[in-house]
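Colleague: Keeping their order, the protein sequence lines are chains A and B. If you're matching positions, the first sequence starts at 857 in the numbering used here and goes up one per residue. If you're matching positions, the second sequence starts at 5 in the numbering used here and goes up one per residue.
Hints may contain errors.
[To be verified] Distance condition first, Cα-Cα at most 20 Å in a straight line; then the derived SDA-like pairs of lysine to any residue:
(1) B:K127 - A:R870
(2) A:K1107 - B:G16
(3) A:K859 - B:G16
(4) A:K1109 - B:S72
Keep in mind that the hints were calculated from the coordinates and are not lab data.
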Amino acid sequence: MLKLLKYSLYNILRTRFTLLYFGFLLLATFAIYSLDHDLARVSLSLLNVVLLVVPLICIVFATVHFYNSYEFIELMLAQPVNRTTVFMSQILAVGISLSLAFMGGIGIPMLIYGGEASMIYLLFVGVMLSLVFTGLAYLASVMTRDKAKAIGITLLFWVFFSLIYDGLVLFMIYVFYDYPLENATLAMVMLNPVDLARVIMLMQLDVSALMGFTGAFFQNFFGSIRGTLISSGVLLLWILIPVYFALRVFKRKDL
Amino acid sequence: MISISNLSKRFGKLQVLKSMELDFERGVSYAMMGPNGSGKTTLIKCILGLVVPDKGRILVNGTDIKGSWAYRSDIGYMPQIGRYPDHMRIGQLFDMIQNIRKDKTDFDLDLVKLFQLDQMLDKPMRTLSGGTRQKVSAALAFMFDPGIYILDEPTAGLDPLAVEALKEKIAEERERGKLIIITSHILSDLDELTSHAIYLFEGNIFYNNNIDELKKETGEERFSSAIARLMEWSQKGSHVKISKNAEIT
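Whenever a hint applies, use it, and build me the whole structure from the sequences.
Modeller: Dropping the structure here:
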């Protein structure tokens, strides 16, 4: 397992993409820091980068990488190596390198300029989102033989979770305005990893007052340690469940 | 050594293997033939676990291969089209596979030397010609002294010198009592290297017997004409299914 992981990581480093990603995040973070001196607002700007850019880059890179390592996977599977090991080393290598690039890119400016406690959450949420979308990308990739189709599906995932889902939730709140919706919205937040990440962060940033009654309700739920733990647990499920299904499909996949 | 029972595989609408029954024994070298799309490569990939069959069972050295992977350490596989990570150098590739197959410590590097691959160890795989790739595949297949060789069109794309070297190596391994399965369309190679003919047609085994018997049954002296006769029969959709001990009148 470790050997395969080593070779998979080496394959990723060869492409230099993660280095580029790291450089991009570094630049963006430095830019945001130099534009604003209020740390809370820096956090908020960074949050937007994390919520929009990180999922997109992770999901596209992971998909492209899966197809680029097809030869490697094929070669390994003809050797006396377990399929599960091959798959896990691939996905771990992608997850690890994307997470490290993210932590470096956002974290280094933070170390230089300083930050506040909420930024630890920002790092945590970003890493979790990287892993969630890597898992989703692998799920889409093992289900289809066609690279273009897989990228299409993964982009659909991204558009859905980042843009469409919020619209749906707002629409629902609007339509059922007269009913008590707290529990329903809470459930809907749980069903979208990006929303989950956003809410965890907003609660830490103490801007929930801007979100009205539902905001207060969420503050009540997420603000407490229990709430944060539960929502982190749900995010973890968002990583584990797609990876589990992807592995199941991969084990029966014809190469 | 390898025993296949009731093996079926379907790709979409196409039934590639139709409940196939087949046994391969140690010390015998098999020529696996059949028109394009008759299921040769799929059968091989099933044995290697690269393709998961819909039905049926494959035993390699007595163990069911379903969900198992350790059995592959006794197989040297040379794919029809060797595909390797583009950026890797030949030397790195060899190191990596040796590192992963740590069950053996002394490596058979005869082919690496014969093909002069040791002089281009730092060439990246993407710069290699088709023939050199094929040499790399061959060198890898023979590197770990396995008991079973599965060679999918081993001589296609090789230059005559390399073909001779490879054939010599295969003959050597045959003498050492290994099980060898070769698929090829080059009948002269098969004639030299194998003693047993298997002819696949549309996912079924159309013929399975040793080559002397084949010649007798077809009434032909030469291997290539005997195979040509087999092809004729299979194409005609001859209802006389010829297999072991079947008599032809």
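Colleague: Does A:R870 lie within 20 Å of B:K127 when you go C-alpha to C-alpha?
Modeller: holds, 16 Å
Colleague: Has the given pair, A:K1107 with B:G16, been kept, meaning a C-alpha gap of at most 20 Å?
Modeller: holds, 18 Å
Colleague: Holds or violated: A:K1109 with B:S72, Cα cutoff 20 Å?
Modeller: holds, 15 Å
Colleague: Could you grab the alpha-carbon distance between A:K859 and B:G16 and see if it respects the 20 Å cut-off?
Modeller: It is violated: about 36 Å lies between the C-alpha atoms, which goes past 20 Å.
Checked against the numbered hints above, the structure violates only hint 3.
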